[in-house]
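J.: Chain by chain, the residues:
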Amino acid sequence: MSPTAALVKAALNSNFGWTVVRHRLFVQKRDRWMVPIIALAVIGAVPTLVLYVRLLSAAFDMMQSLGQEKALLTLAVLAGQFIILVFGLFYLIATFYFSTDLEYLLSLPLKPSQIMLSKFAVVLINEYLTMAPFILPILIVYGIKKHKAPGYWLLMPLTYLLLPVIPLAAAGLAVVGMMRLVNIGRKKDLLIVLGSLVLLAAAFFLQFGLSRASGTSGPDAQKIIALISSPDGLVQSVGRRFPPAIWATRLLDYGLFTGTGIAGFALFAGLSVLLFGGLMVGAQRLFFGGLVGLSERSGGSGRRAKAGAKIRVSSGRHPVRAIFLREVRLMNRTPIFLLNGVLGAIMVPVFFALMPMSAKPGDDASDIMRLITSVKPLTAILAMTLFMVICATLSGVASSSFSREGRKFWVSKVIPVDYRQQVLAKLLHSMGIALLGIGSASAALMIRFHLDAGKWLPCLALALPLCTFVTSLNLAIDLARPLLDWISPQKAMKQNLNVLIAMLLDLGFLFLYGLAFVTLGKSGLSVAAIIGIFFALSLGLATLAYFWLLQFALRRYPSIEG
Amino acid sequence: MIEIDHVSKSYNKGAVRAVDDLTLTVHPGEIFGFLGPNGAGKTTTIKLIVGILKADGGTIRISGLDIRTAALRCKAMTAYVPDEPEIYERLKGIEYLNFIGDVYGVSGVDRRERIGHWLEAFELSRAVADPIQTYSHGMRQKIILTAALMINPRVLVLDEPMVGLDPRSSHFLKEAMRQHCDGGGTLFFSTHIMEVAERLCDRIGIIHKGRLAACGTLAELRDQAKDKASLENIFLELTGS
Numbered sequence: 008m009s010p011t012a013a014l015v016k017a018a019l020n021s022n023f024g025w026t027v028v029r030h031r032l033f034v035q036k037r038d039r040w041m042v043p044i045i046a047l048a049v050i051g052a053v054p055t056l057v058l059y060v061r062l063l064s065a066a067f068d069m070m071q072s073l074g075q076e077k078a079l080l081t082l083a084v085l086a087g088q089f090i091i092l093v094f095g096l097f098y099l100i101a102t103f104y105f106s107t108d109l110e111y112l113l114s115l116p117l118k119p120s121q122i123m124l125s126k127f128a129v130v131l132i133n134e135y136l137t138m139a140p141f142i143l144p145i146l147i148v149y150g151i152k153k154h155k156a157p158g159y160w161l162l163m164p165l166t167y168l169l170l171p172v173i174p175l176a177a178a179g180l181a182v183v184g185m186m187r188l189v190n191i192g193r194k195k196d197l198l199i200v201l202g203s204l205v206l207l208a209a210a211f212f213l214q215f216g217l218s219r220a221s222g223t224s225g226p227d228a229q230k231i232i233a234l235i236s237s238p239d240g241l242v243q244s245v246g247r248r249f250p251p252a253i254w255a256t257r258l259l260d261y262g263l264f265t266g267t268g269i270a271g272f273a274l275f276a277g278l279s280v281l282l283f284g285g286l287m288v289g290a291q292r293l294f295f296g297g298l299v300g301l302s303e304r305s306g307g308s309g310r311r312a313k314a315g316a317k318i319r320v321s322s323g324r325h326p327v328r329a330i331f332l333r334e335v336r337l338m339n340r341t342p343i344f345l346l347n348g349v350l351g352a353i354m355v356p357v358f359f360a361l362m363p364m365s366a367k368p369g370d371d372a373s374d375i376m377r378l379i380t381s382v383k384p385l386t387a388i389l390a391m392t393l394f395m396v397i398c399a400t401l402s403g404v405a406s407s408s409f410s411r412e413g414r415k416f417w418v419s420k421v422i423p424v425d426y427r428q429q430v431l432a433k434l435l436h437s438m439g440i441a442l443l444g445i446g447s448a449s450a451a452l453m454i455r456f457h458l459d460a461g462k463w464l465p466c467l468a469l470a471l472p473l474c475t476f477v478t479s480l481n482l483a484i485d486l487a488r489p490l491l492d493w494i495s496p497q498k499a500m501k502q503n504l505n506v507l508i509a510m511l512l513d514l515g516f517l518f519l520y521g522l523a524f525v526t527l528g529k530s531g532l533s534v535a536a537i538i539g540i541f542f543a544l545s546l547g548l549a550t551l552a553y554f555w556l557l558q559f560a561l562r563r564y565p566s567i568e569g
Numbered sequence: 398m399i400e401i402d403h404v405s406k407s408y409n410k411g412a413v414r415a416v417d418d419l420t421l422t423v424h425p426g427e428i429f430g431f432l433g434p435n436g437a438g439k440t441t442t443i444k445l446i447v448g449i450l451k452a453d454g455g456t457i458r459i460s461g462l463d464i465r466t467a468a469l470r471c472k473a474m475t476a477y478v479p480d481e482p483e484i485y486e487r488l489k490g491i492e493y494l495n496f497i498g499d500v501y502g503v504s505g506v507d508r509r510e511r512i513g514h515w516l517e518a519f520e521l522s523r524a525v526a527d528p529i530q531t532y533s534h535g536m537r538q539k540i541i542l543t544a545a546l547m548i549n550p551r552v553l554v555l556d557e558p559m560v561g562l563d564p565r566s567s568h569f570l571k572e573a574m575r576q577h578c579d580g581g582g583t584l585f586f587s588t589h590i591m592e593v594a595e596r597l598c599d600r601i602g603i604i605h606k607g608r609l610a611a612c613g614t615l616a617e618l619r620d621q622a623k624d625k626a627s628l629e630n631i632f633l634e635l636t637g638s
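Sequence lines, in order, name chains A and B. Per the working numbering, the first sequence starts with residue 8, numbered consecutively. Per the working numbering, the second sequence starts with residue 398, numbered consecutively.
Source of the hints: derived by calculation from the structure; they are not laboratory data. Check each hint, because a few of them may be wrong.
[Said to hold, decoys possible] Stretch-level coverage of chain B by chain A, calculated; a stretch enters the list once three of its residues show a Cβ under 8 Å from a Cβ in chain A:
(1) 473–483
(2) 492–505
(3) 614–623
This one's a predicted model, so the numbers in the text were calculated from it and none came from an experiment. By construction, the Cβ of each residue, glycine as well, lies at the ideal position given by its N, Cα and C atoms.
The whole structure should be built from the sequences, with the hints applied where relevant.
T.: Okay, here's the thing in C-alpha cells:
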C-alpha cells in the first residue's frame, strides 16, 4: 500500500473509529445498547423524511406546471454546496490544524499534501453523510417523477460525489491561506477566531450580494413571465449566483450523450479538479507554515513572566463557581469550541435576521415574517419562542459538555466535589450560552421584525424554562455516554453522536410542544391563559428534569471510566 | 492509611482480569512502592484507589472510610498524580493551581505559601502565568505535582511520578515524599525505577498478572527470593521475566 493510501486509510479509521466500534461491540461487548438506540433514532427520523419527500414531490409538481422542474436540481446543488461552504469552514480548521495527531504526523516522512489529503478525505466523507438526508431525496424524487433513464441513475452518484469538492476545496484554500497569515505572534487563537468570522462573513455576503445582483427578487410581472417562458429560465436565474449548480443540473438532466451534458460535466468536474489541485499545491507551500507555528511553544524562556512577578492566587471560591469558571475558560480559549458553541449561538440569529434583508420588500421571506408576526398573536408567540429556544440550545454546548473534557475527565472524577455540584456548574454554563442565544434571537426579532416588548416578554417567559428543560435533557444525553477519547476538538462537538441525538430529541420535543400549544389555542381559551398554562407546564418540566439530572449524575458519574 | 481488601477489576466482561483479588494495607507514615511489569495492573489499582475506576468486587478504605460510601471524604484527603500529565491545556498554570485549591478548599494563606515553595523547588515560577499548552511534558508533570503537594493531603497516590522529571525536581520530590510520610501521611506510588524503590520505600509490593506476587520490606523480599543481589533480581525472579 502506498504511503498516501495508508495515511488516508488510517485517518478514516481513526476518525470514524471502525476498529474501536468493532472491538467494543464484538470483543468488549460494550455499547451494544447503542445499536437499538441508533436504530430507534433512524426509525424516528422516517416520518420527517416522508414529510420531506412529500414536500419535494409537491414542489416538483408545482415547478413542472411552470416547466421549471429542472430548477429543483439546481436548488439542491446550490443549497448543498452553500451549506458545505459555510459549515465546512470550522470543520476544516479543526481537522487541518487542531487534530492532536498532527504533531506525530509532522515527524513522519510525509509531504504536506499527503497529510492534507488524508485530512481532506475525512472531512469529505463526513460531508457526504451530512448532505445525504437533505440532497439525496431531491435527486431521487426528481429522477422518479421525471421517469429518468438509467443514465440519470448512473450519473447521480457521480454528481453527488463531486458535489462537496468545489466548496470544500475553495474553503480549504481560504483556510490554509488564513492559517498561514494568522500564525504569527502570541494571539493565534484570537486571530483564528477573527479570521474564521471574516471568512464566514465573506462567504455569506458573497452569496447574498450575488443574490441581490442577480435580480431574482421583486414582483416584476414581466420578469416572471420571461423567467418561466424559457425552459431553463429559473435554473439560469437561481444558478447565476453559483454557476457550478447550472453545470451539475445540465450534467444530470441531459446526460453524457448530449453536448450540453458533456459541457456541464467538463465544467463541473474540471472546476472540482482545478480547485482540489489548487488546494494540494497550496498545502505543499502553506500547510506546514501554518501548522508548525501552531505547535511551537509560544512561551519560550525569553517570553516567560519575569521571576518574582506577582502571581494571582485566589482564595476560597465555591467549588461550583470554580468549575463554572473552568468551563467558561476552556470553552472560550479553545477556538473550535468557541466558534461552534458561543459564536454559533450568537451568529445563527444574526444570519437569520440578515437573510430577508438580501431580498427586496414584498418577496417571500418578508411575507413569511409578516405572516408570523402579525396574523395570529398566539402563532407568533409560539414561533418566536421556538426560534429563541432553537437558537439557544442547538449549538451543542450542553450535549457535549462532558465529552469536551476528553482525557482530562479524570480530574472531575478525583476532585472532592459532589457530582451534583459539578453538573450544576455545567448546567449554569450551558444556560449562560443559551441566554446569549436568546439575547441574540431577541435582538434579531426586535431589530429586523420590530418585535415589541408586549410580545417579547411572554416569549421570554416561555423560552427560559423550556431552555432549562432542553439543556438538562441535553446534559443527560452526554452524561449517559460521554465521548472522551478524541483527537480533534471538532469530534467532541459537531461530530459527536450525542449532539445529533440531542438535536433530534429536542426537535421532536419542540414539535410536540408546538402541537400541544396549537391544539390548546383552538380550545377558545384566552392568549394569556394559554401562555400561563404553558409557562407553568414548562417550569414544571424544567424542575423535574433538573432534579432528575442531579440524581442521574450521582448514578452515572462513578461508572464513567475515562 | 489505605486498605485494599480482596479487590478485583476485570475488562471485556471478565475476559481480562487486570486486578485479581488484591489485598494489601499501606500504613500511615509509610512509603509504599508498587512495582510490576507493563500491564500487570499497577495503574488499574491506583485508579481504583482514587475512584476513577469502579471495582468489580472487594473494598477499598482510605483512613478507615469506604471509598464507595464516603467517596467525597476520601477524595478530600487524597491527592493523585497520574502517569500521563493530561490536564487542561487552555488554562494557565496558576489557574489550574487555583482551581485545585478552590475545589479542595485550601485557604488563601496556605495556598500562597505552598504554591510559592513548590514553584520555586520545581523552577516553575516564571512559567506558571503561561498557558499549560506551552509546557513540556516534565513541566506539566511538575504543575500536577505542585497541585497535589499544595493540598497537603493525608494520602498521596502517585503513578510513576519520576517520569519526565529533571534530576533536581526528582530530588525535591523524593524529599517531599519522605517529609510527607514523616509527618504521618501515607504514600502509595508506582515506579519502574528499582533504585528509587530500593532507596525510598518502607515497603514494596510486586504485582504480576493482577495478583500480588510479593509484599514486604526490602529485607523481607530478599528472604523470599533465591537471588538476593538486588531488587531488580528479585523483581525478575518473581515476575518470571
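J.: Work down the list of hints and note, for each, if the structure agrees.
T.: Consistency of the hints with the structure:
By the rule of at least three residues with a Cβ nearer than 8 Å to a Cβ of chain A, the coverage given for the segment 473–483 of chain B holds, with 6 such residues. For a cut-off of 8 Å, the count of residues in the segment 492–505 of chain B with a CB near a CB of chain A stands at 12, and the three-residue condition holds. Coverage of the segment 614–623 of chain B by chain A is violated in this model, with 0 residues showing a Cβ closer than 8 Å to a Cβ of that chain against a need of three.
Taken one by one, the earlier hints fail for this structure only at number 3.
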